[in-house]
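2 protein chains.
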Amino acid sequence: MAASTLAVVGVGLIGGSIGLAARRCGAAARVLGVDRDPAALESALALGAIDEACDELTAAAAADLVVVCAPVDLIADLVVRVACACRAGTIVTDVGSTKAGIVAAVRGRLPPGLVFVGGHPLAGSEKHGPEHARDGLFAGRLVVLTPTPWTPEAASGRVRDFWQALGARVRFMEAGEHDRALALTSHLPHLLASALAGTLPPDLYEVTATGFRDTTRLASGHPAVWTPILRANHAALLDALALLEAQLDRFRQALACDDLASLNALLQLGKTVRDRLAGRG
Amino acid sequence: MAASTLAVVGVGLIGGSIGLAARRCGAAARVLGVDRDPAALESALALGAIDEACDELTAAAAADLVVVCAPVDLIADLVVRVACACRAGTIVTDVGSTKAGIVAAVRGRLPPGLVFVGGHPLAGSEKHGPEHARDGLFAGRLVVLTPTPWTPEAASGRVRDFWQALGARVRFMEAGEHDRALALTSHLPHLLASALAGTLPPDLYEVTATGFRDTTRLASGHPAVWTPILRANHAALLDALALLEAQLDRFRQALACDDLASLNALLQLGKTVRDRLAGRG
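One line per chain: the protein sequences are A and B, in this order.
If you use our numbering, the first sequence corresponds to residues 829 to 1109, in order.
If you use our numbering, the second sequence corresponds to residues 829 to 1109, in order.
Hints should not be assumed to be uniformly reliable.
If several chains are the same, the list does not tell them apart, and a pair holds so long as it fits within one copy or across any two.
SDA-like mimics (lysine to any residue), calculated; alpha carbons at most 25 Å apart, straight line [claimed, not checked]:
(1) Lys955 with Ala1052
(2) Lys955 with Pro980
(3) Lys955 with Leu1097
(4) Lys955 with Asp1042
(5) Lys955 with Ser1090
(6) Lys955 with Arg1041
(7) Lys955 with Pro977
(8) Lys955 with Glu1034
(9) Lys955 with Ala1093
(10) Lys955 with Asp892
(11) Lys955 with Pro1030
(12) Lys955 with Ala874
(13) Lys955 with Arg1104
(14) Lys955 with Leu885
(15) Lys955 with Gly995
(16) Lys955 with Asn1092
(17) Lys955 with Ala982
(18) Lys955 with Thr1100
(19) Lys955 with Val908
(20) Lys955 with Ala1089
(21) Lys955 with Gln1096
(22) Lys955 with Ala867
(23) Lys955 with Thr1038
Keep in mind that the hints were calculated from the coordinates and are not lab data.
Sequences and hints are given; from them, build the entire structure.
In structure tokens, the structure reads:
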């Protein structure tokens, strides 16, 4: 690993943090950065997130490992294009928040000897841009990898080792299972935060406190990033939304019928789950 | 103000923080603490949140200003009981998260010369107990006071001055207007956080990250505190929930119809509102 050349395609918050972390821990001997935005490349260079700014073809030809960091609707085509410029044996992975569509779209389109391993680090921020990158972003965080039954074990093991070197925990999941899980744990919270923020009239801005602000923090995420994510996972997201609506209905019933025992039980269930999460890494 | 004796009835997170802040800034010369839980009183004394632990009658007789800090379903009766033991001229206020029911329940039940001014500091935490109290809890925070047309201006001015001395901003609102506002900015976020946490099956706990945790933080609040709040404000809360459901419907439509322009516009609205809140105190 230590002798490898890493190419990061897309040097925003995630890509920049990967570069910083890989350089700090020696998970890559050299980090090449690719981005269509020259300002992002300059910023990534200045921050020490990459050793060199390259064009896509040069980076692909030099890399042992390529990590594609882009909005989910652009990832599959980028993976295929980059892979076609790579040497045989190079492994390509990504950081997209949805996986089934990307894995399916890449399949059968890679040149011989090239392997793609879908990946998703559960880390990030409502911020974006390399200026918010930090080398500890993945420490203790979960990275889900979604190899298929046809993915060589050596390749998924290599990507696992890379993330573990960056301090992350790694879990393998089937891509569809990943998407169903994230619909509930990430995409639904985003939708809810956005819907809740969207109901607030301007005259009530002053009457908000930390509760409203924490609950809606995710709404600050960039629509250019989140529209493709919610779209790509719309089926699982609609299922998750239906689950939530059923729970909201139980609250509505309890409130409308002045059923304090049920109201208390619903609040207690939420507290029990949330308190268990607080004790986790 | 500096010569006054303050009685804090209920020395939990909020009451303890009021005592700490009032002692630090000199808003009260002496702070008396009342609580039915001897451990809370001991803890408040040890932390310097109160000068003395008293029984209710002693504290009421000595106080110029009484702040009742209790679950909302207990506040009105406590206010009346305490007021009956106060000297004429004493002002009683509270910190309950709902106001219309309390103001109505107190009205006409106070002895002559006693004034109640409803209050609600928009500050707090999902934690509870005096051990989480801090003297800066109200710095820069909004406190809503809900005097009625019959409240003497001198009394509401005195309570306003007290909170301002603790570093808070003060706004006067009609009690029903307060409740409708807070239904949307506080009680609905709490309900949503709880409902979202309640939909999470245990096998997905590991697949949560900061997004899920921030969105559900409020769910850790104590049901004994929140059941009475949601109940007391159930009519306004059901209206707020209907507003949110309408926004969720718009998301559902956009997802089901693959209407990217609408999906993007909904996310952009949420971002615009949330980003404006981030710039506020």
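Hints, verified against the model:
| no. | hint | in the structure |
| --- | --- | --- |
| 1 | Lys955 with Ala1052 | within (13 Å within a copy, 36 Å between copies) |
| 2 | Lys955 with Pro980 | neither (35 Å within a copy, 49 Å between copies) |
| 3 | Lys955 with Leu1097 | between (32 Å within a copy, 17 Å between copies) |
| 4 | Lys955 with Asp1042 | both (15 Å within a copy, 15 Å between copies) |
| 5 | Lys955 with Ser1090 | between (39 Å within a copy, 23 Å between copies) |
| 6 | Lys955 with Arg1041 | both (15 Å within a copy, 17 Å between copies) |
| 7 | Lys955 with Pro977 | neither (35 Å within a copy, 47 Å between copies) |
| 8 | Lys955 with Glu1034 | both (23 Å within a copy, 23 Å between copies) |
| 9 | Lys955 with Ala1093 | between (36 Å within a copy, 19 Å between copies) |
| 10 | Lys955 with Asp892 | neither (29 Å within a copy, 49 Å between copies) |
| 11 | Lys955 with Pro1030 | within (23 Å within a copy, 29 Å between copies) |
| 12 | Lys955 with Ala874 | within (19 Å within a copy, 42 Å between copies) |
| 13 | Lys955 with Arg1104 | between (27 Å within a copy, 15 Å between copies) |
| 14 | Lys955 with Leu885 | neither (29 Å within a copy, 54 Å between copies) |
| 15 | Lys955 with Gly995 | within (21 Å within a copy, 31 Å between copies) |
| 16 | Lys955 with Asn1092 | between (36 Å within a copy, 17 Å between copies) |
| 17 | Lys955 with Ala982 | neither (34 Å within a copy, 47 Å between copies) |
| 18 | Lys955 with Thr1100 | between (30 Å within a copy, 14 Å between copies) |
| 19 | Lys955 with Val908 | neither (28 Å within a copy, 50 Å between copies) |
| 20 | Lys955 with Ala1089 | between (41 Å within a copy, 22 Å between copies) |
| 21 | Lys955 with Gln1096 | between (33 Å within a copy, 15 Å between copies) |
| 22 | Lys955 with Ala867 | within (17 Å within a copy, 44 Å between copies) |
| 23 | Lys955 with Thr1038 | both (19 Å within a copy, 13 Å between copies) |
In summary, the structure is inconsistent with hints 2, 7, 10, 14, 17 and 19 from the numbered list given earlier, while agreeing with the others.
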